[in-house]
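Chemist: The listed protein sequences derive, respectively, from chains A and B. For the first sequence, the working numbering assigns the number 1 to the initial residue and increments by one for each residue that follows. For the second sequence, the working numbering assigns the number 1 to the initial residue and increments by one for each residue that follows.
Keep in mind the hints are simulated off the structure, nothing from the lab. Each hint should be verified, as a subset may be incorrect.
[Stated by the list, open to error] Only pairs whose alpha carbons sit at most 25 Å apart, straight line, appear in this in silico DSS-like list of lysine-lysine:
| hint | chain 1 | residue 1 | chain 2 | residue 2 |
| --- | --- | --- | --- | --- |
| 1 | A | 144 | A | 83 |
| 2 | A | 83 | A | 66 |
| 3 | A | 66 | A | 91 |
| 4 | B | 48 | A | 78 |
| 5 | A | 78 | B | 49 |
| 6 | A | 78 | A | 112 |
In this text, all values refer to a predicted model and were calculated from it rather than measured experimentally.
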Amino acid sequence: MDSKSKRTTSSDLSAILEGLIKADVKFILVGGLAAVVQGAPMTTLDVDIVHDRSAENIAKLFNFLKSINATYRRPDDKIIEPKADDFSGLKHALFTTRLGPLDVLAVIEEGKTYEDLFNHTVEIEFRGHTIHVLDLETLINLKKASNNPKHKQQLPVLEETLRQLEEG
Amino acid sequence: MAEKKGIKNSSGVDRGLFTMFLKMSPEERLLANDNAVRAILELRNGFKKQKDNKLGSERNT
Chain A
1 MDSKSKRTTS
11 SDLSAILEGL
21 IKADVKFILV
31 GGLAAVVQGA
41 PMTTLDVDIV
51 HDRSAENIAK
61 LFNFLKSINA
71 TYRRPDDKII
81 EPKADDFSGL
91 KHALFTTRLG
101 PLDVLAVIEE
111 GKTYEDLFNH
121 TVEIEFRGHT
131 IHVLDLETLI
141 NLKKASNNPK
151 HKQQLPVLEE
161 TLRQLEEG
Chain B
1 MAEKKGIKNS
11 SGVDRGLFTM
21 FLKMSPEERL
31 LANDNAVRAI
41 LELRNGFKKQ
51 KDNKLGSERN
61 T
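Please put together the full structure from these sequences, using the hints given.
Modeler: Take a look at the structure:
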């Protein structure tokens, strides 16, 4: 595959999720898509996940990333492919893939890892499988603590979604 | 744009949109997002193409 075709992306964020499930990767869906699946009327252009950093899971994640032609998302045209040991530390890895953008995060706000977040997830049925999604209340709390102005802008939408869900 | 009085809360969010989205299943919401993303990318590509064409025709004149 030449470098140009490799960087040409479509966008099918559901297919990224389905691929992660089929590859048996342990992850928590966070970020905008976590809010979307819980009913927040917003649009997001990428998938954000926090992964379990066990060696077995990293191997599965790495193989999945290779299968969807993941390369690091960069402002220049340099093509940099991931390596398996990129995922054992606490770094963020932001990718372009043939299915759309995928952000693989070892930690999110306040240094929270997969283990820290797992008890703050809801299980959501998706294409016959269960995915773990960061619950709205935690998403709101993390965005409140964030210094990112984009996160602050999303707060009214997330808070109204939570309010309506609690009202039933 | 005319303000949609009565259907927005104090933060200016459209409550009807929430009700509509909350009626969907998580899978339907993901598909709605996918469709929105595709539409956004298509529009962005169209905008980029138009800009490139304009630049090209300016260079040719």
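Chemist: Given the proposed pairing of residue 144(A) with residue 83(A), does the C-alpha separation stay at or below 25 Å?
Modeler: violated (33 Å)
Chemist: Between the alpha carbons of residue 78(A) and residue 112(A), is the straight-line distance 25 Å or under?
Modeler: Measuring from Cα to Cα gives roughly 31 Å; hence the hint is violated.
Chemist: Taking 25 Å as the top limit, are the C-alpha atoms of residue 78(A) and residue 49(B) close enough?
Modeler: OK: residue 78(A) and residue 49(B) at ~23 Å, within 25 Å.
Chemist: Within a Cα-Cα threshold of 25 Å, do residue 83(A) and residue 66(A) meet the stated pairing?
Modeler: Given pair residue 83(A), residue 66(A) holds - Cα atoms ~9 Å apart, limit 25 Å.
Chemist: Sort out whether residue 78(A) lies within 25 Å of residue 48(B), counting only the CA atoms.
Modeler: holds (22 Å)
Chemist: For a C-alpha distance cap of 25 Å, please report whether residue 66(A) and residue 91(A) respect it.
Modeler: At roughly 19 Å apart (the allowed maximum being 25 Å), residue 91(A) and residue 66(A) satisfy the hint.
In summary, the numbered hints that this structure violates are 1, 6.
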